[in-house]
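Novice: Residue numbers (the numbering used here), protein chains in the order written: chain A, 1 to 325; chain B, 326 to 679.
Keep in mind the hints are simulated off the structure, nothing from the lab. You may find that some hints are simply not true.
[What the hints assert, rightly or not] Among chain B residues calculated to face chain A with C-beta under 8 Å, some are:
hint, residue
1, His365
2, Lys448
3, Ala475
4, Thr620
5, Trp677
[What the hints assert, rightly or not] Cβ-to-Cβ under 8 Å is the rule here; a few derived chain B residues that face chain A:
hint, residue
6, Ala441
7, Met445
8, Ala470
9, Tyr484
Just so you know, these numbers come straight off a predicted model, no measurement behind them. Heads up, the beta-carbon is just placed ideally off N, CA and C, and yes, glycines get one too.
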Amino acid sequence: MAELTYREAVARGIAQEMARDDRVVLIGEDIAGAGGVFKTTVGLLESFGPKRVIDTPIAEQAILGAAMGAAMTGLRPIAEIMFSDFFAVCWDLVANEMAKTRYMTNGQVTLPLVVKTGNGGGLRFGAQHSQSVENWAMAVPGVKVVTPSTPKDVVGLMAAAVRSDDPVLFFEHKGLYATKGELPDGEIVDSLGTAAIRRTGADATILALGLMVPRALEAAEQLTARGIDAEVIDVRSLVPLDTATILGSVSRTGRLFTVEENPRLLGWGAEIVSIVAEECFWDLDGPIHRITTPHIPLPSADSLEDLVIPSSDAVATTVEKAMQS
Amino acid sequence: MILPLSAHRYGDHGIVLPPERQNRHDAAPITSEVRLGLYHTMQEMRQFEKRAYDLFMRQLVKGTSHLSLGMEAIAAGFGAAMRTDDYTFATYRGHAHTLARGVPMTPVLAELLGRANGLMGGKGGSMHLTSVQHGMMGSYAIVGAHLTIANGAAWSAQYRGTRQVAVCFFGDGTTNIGAFHEALNYAAVYRLPTVFVCENNLYMEYTSIADITAVARPGADRAPAYGLQPQVIDGNDADECYLTATAALDRARRGDGPSLIEAVTYRHGGHSRADPGKYRPEAEVEAWTAYDPITVYRSRLERLGIDLALLDAIDKQVAEAVDLATQEAVAGDLPSPQSAMSNVWADGGSSWRN
Numbered sequence: 001m002a003e004l005t006y007r008e009a010v011a012r013g014i015a016q017e018m019a020r021d022d023r024v025v026l027i028g029e030d031i032a033g034a035g036g037v038f039k040t041t042v043g044l045l046e047s048f049g050p051k052r053v054i055d056t057p058i059a060e061q062a063i064l065g066a067a068m069g070a071a072m073t074g075l076r077p078i079a080e081i082m083f084s085d086f087f088a089v090c091w092d093l094v095a096n097e098m099a100k101t102r103y104m105t106n107g108q109v110t111l112p113l114v115v116k117t118g119n120g121g122g123l124r125f126g127a128q129h130s131q132s133v134e135n136w137a138m139a140v141p142g143v144k145v146v147t148p149s150t151p152k153d154v155v156g157l158m159a160a161a162v163r164s165d166d167p168v169l170f171f172e173h174k175g176l177y178a179t180k181g182e183l184p185d186g187e188i189v190d191s192l193g194t195a196a197i198r199r200t201g202a203d204a205t206i207l208a209l210g211l212m213v214p215r216a217l218e219a220a221e222q223l224t225a226r227g228i229d230a231e232v233i234d235v236r237s238l239v240p241l242d243t244a245t246i247l248g249s250v251s252r253t254g255r256l257f258t259v260e261e262n263p264r265l266l267g268w269g270a271e272i273v274s275i276v277a278e279e280c281f282w283d284l285d286g287p288i289h290r291i292t293t294p295h296i297p298l299p300s301a302d303s304l305e306d307l308v309i310p311s312s313d314a315v316a317t318t319v320e321k322a323m324q325s
Numbered sequence: 326m327i328l329p330l331s332a333h334r335y336g337d338h339g340i341v342l343p344p345e346r347q348n349r350h351d352a353a354p355i356t357s358e359v360r361l362g363l364y365h366t367m368q369e370m371r372q373f374e375k376r377a378y379d380l381f382m383r384q385l386v387k388g389t390s391h392l393s394l395g396m397e398a399i400a401a402g403f404g405a406a407m408r409t410d411d412y413t414f415a416t417y418r419g420h421a422h423t424l425a426r427g428v429p430m431t432p433v434l435a436e437l438l439g440r441a442n443g444l445m446g447g448k449g450g451s452m453h454l455t456s457v458q459h460g461m462m463g464s465y466a467i468v469g470a471h472l473t474i475a476n477g478a479a480w481s482a483q484y485r486g487t488r489q490v491a492v493c494f495f496g497d498g499t500t501n502i503g504a505f506h507e508a509l510n511y512a513a514v515y516r517l518p519t520v521f522v523c524e525n526n527l528y529m530e531y532t533s534i535a536d537i538t539a540v541a542r543p544g545a546d547r548a549p550a551y552g553l554q555p556q557v558i559d560g561n562d563a564d565e566c567y568l569t570a571t572a573a574l575d576r577a578r579r580g581d582g583p584s585l586i587e588a589v590t591y592r593h594g595g596h597s598r599a600d601p602g603k604y605r606p607e608a609e610v611e612a613w614t615a616y617d618p619i620t621v622y623r624s625r626l627e628r629l630g631i632d633l634a635l636l637d638a639i640d641k642q643v644a645e646a647v648d649l650a651t652q653e654a655v656a657g658d659l660p661s662p663q664s665a666m667s668n669v670w671a672d673g674g675s676s677w678r679n
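Throw the hints in and build the complete structure from the sequences for me.
Specialist: Pasting the structure below:
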């Protein structure tokens with residue numbers, strides 16, 4: 001066992017896969033010599049050399065294109081998009097190229113690649129460096145979408161993503177980089193498309209993703225004191241989506257709450273809510289609630305950012321109020 | 326130092342005439358076998374696309390397609406110079422580049438018709454022709470993206486030490502989009518074995534390229550910004566294309582990095598099916614139609630003493646092959662309904678949940 005930060009776990013996960021398979025290569029801005037602006041790739045250049053760990057220009061289309069072309073011709077690249085907000089300048093490569101090429105070529109092209117990115121708010125970076133953009137990715141058929149919330153999941157899901165033969169967008173939460181967790185020694189390999197029940201409970205199901213997972217867990221602790229036993233599910237993977245775990249939990253508890261850092265409209269929670277409404281409506285004991293960031297760009301000031309991103313207090317209050325009504 | 330702006334002004338592009346016919350390549354060290362191959366390939370492209378157009382008029386080809394009638398020498402010349410394991414990346418105007426890699430006509434035509442025996446089972450269509458087994462790594466319909474993807478294939482070849490080269494074809498209009506500049510810089514920085522071929526047919530869709538480009542040579546004038554030699558070639562001369570391609574491919578294989586080649590050409594028709602191309606001056610169209618790559622090449626072969634009966638026989642053989650491909654494509658089944666849901670993922674399926 002070893003205690004690792006979330007950011008160290010990113011490097012460990014990548015190193016584990018690079019050591020195992022020399023087709024795995026890493027490219028991105030400042031990821032080699034500097035070890036990444038978030039220090040998630042520290043030591044990889046030293047371990048694997050400049051042929052496999054490569055600093056790129058600020059050219060996100062060139063980065064993702066390079067990853068795609070390499071993936072279709074025998075490599076298994078990992079590309080970093082420094083801030084997920086920057087997907088907006090290279091979304092063509094994701095939404096039009098990576099996501100559709102296998103389908104359009106009727107399976108001739110396989111794209112075993114991972115795009116890792118720093119996602120999410122809470123660091124006072126303002127509206128263009130704080131977004132949670134998993135919803136953009138979830139809306140595009142053909143890409144897999146994962147968001148780990150613990151250091152152990154970072155390693156295991158990175159391994160699963162690298163070993164997947166499909167393009168995977170790997171959303172690291174910037175607000176979790178400093179958090180710590182225990183990791184077992186040796187190889188860790190998880191599986192895509194699986195949610196994790198972080199806390200079992202009988203009265204309500206709370207779904208969360210990324211930074212919202214620890215907040216939902218804190219809220220659940222607060223709710224215990226108020227006589228509410230909440231189950232907390234870390235969704236982890238939006239595509240594929242583990243509906244079995246989610247529907248099973250909602251069927252048991254009869255109540256569903258989603259905690260989403262993303263702006264309100266068409267959030268991942270909305271999709272899950274629609275599935276629950278269609279498939280286990282009669283198991284529900286009350287209305288479903290989505291707790292989200294309002295439909296606004298994120299403000300920079302700490303007081304304002306804290307106000308709009310769901311907090312554990314806000315989650316606890318919303319759940320308690322809903323359960324009492 | 327302040328460099329002068331291009332002499333071109335918006336809306337004042339005038340008429341661009343083709344070069345004079347020349348015989349400087351008559352003595353080039355190109356074997357008769359290669360030359361007859363080039364002629365055959367160009368005939369195949371020409372007759373195939375004419376047939377595709379006829380089938381569109383009969384409403385058998387749906388949607389749109391972008392013909393390269395008049396531009397065949399570039400795809401043919403580069404195709405002939407490439408190694409069988411080199412990679413081609415083409416645009417939505419990619420029928421000719423696909424045929425140039427030896428992809429049979431039947432699956433290509435069947436793909437245009439949306440049939441099960443199409444190259445991609447009818448799921449890609451005219452703008453996305455791909456045949457990985459022939460090194461035809463795809464036709465890309467969003468301008469600019471595939472330059473960056475070609476770099477990835479070139480990087481992979483460099484990493485694996487295979488000496489393969491990625492050849493990337495694109496139009497003059499692409500030189501004004503950001504991805505072009507990202508890709509050129511990227512290829513130059515890592516000395517990637519990518520050959521960028523700008524097919525300058527003088528029009529970005531419906532607009533004169535000169536009207537909306539800061540420099541006179543949309544490809545070549547950008548090359549020095551990336552440490553590359555400016556190269557402008559006659560894109561209607563198959564020998565010139567072949568010789569240029571050979572040199573660029575050799576350079577890439579030696580590890581000396583990318584090339585950017587501007588091949589000047591002209592499309593006989595409009596941008597796509599919807600476009601009659603009426604924005605082009607009549608005299609310009611006439612001059613370029615006369616400077617047809619197949620006519621140019623046929624005269625050269627005649628000067629070199631090739632028996633014209635042999636060329637007529639090639640024309641006839643291609644015509645028969647196009648007829649056969651048409652029959653096979655038209656006779657193809659419609660794709661199975663299940664195929665709409667297949668091959669989103671590597672496991673063959675499209676499931677996004679359990």
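Novice: A separate judgement is required for each hint: does it hold in the structure or not?
Specialist: Now the hints, each set against the structure:
At about 26 Å, the closest approach between the beta carbon of His365(B) and any beta carbon in chain A exceeds 8 Å, and the interface hint on this residue is violated. Among the interface hints, the one on Lys448(B) holds; its C-beta lies about 5 Å from the nearest C-beta in chain A, closer than the 8 Å criterion. Hint status for Ala475(B): holds, given a least beta-carbon distance of 6 Å to chain A, under 8 Å. For Thr620(B), the interface hint is violated, the least distance from its beta-carbon to any beta-carbon of chain A being 35 Å, above 8 Å.
With a least beta-carbon distance of about 5 Å to chain A, the hint placing Trp677(B) at the interface is held under the 8 Å criterion. Taking 8 Å as the C-beta cut-off, the interface hint given for Ala441(B) is violated, the closest approach to chain A being about 10 Å. Because the beta carbon of Met445(B) sits about 4 Å from the nearest beta carbon in chain A, less than 8 Å, this interface hint is met. Checking Ala470(B) against chain A by beta carbon gives a least distance of about 5 Å; that is within 8 Å, so the hint holds.
Interface restraint check for Tyr484(B): the shortest CB-CB distance to chain A comes to about 6 Å, inside 8 Å, so the restraint holds.
Taken one by one, the earlier hints fail for this structure at numbers 1, 4 and 6, listed in ascending order.
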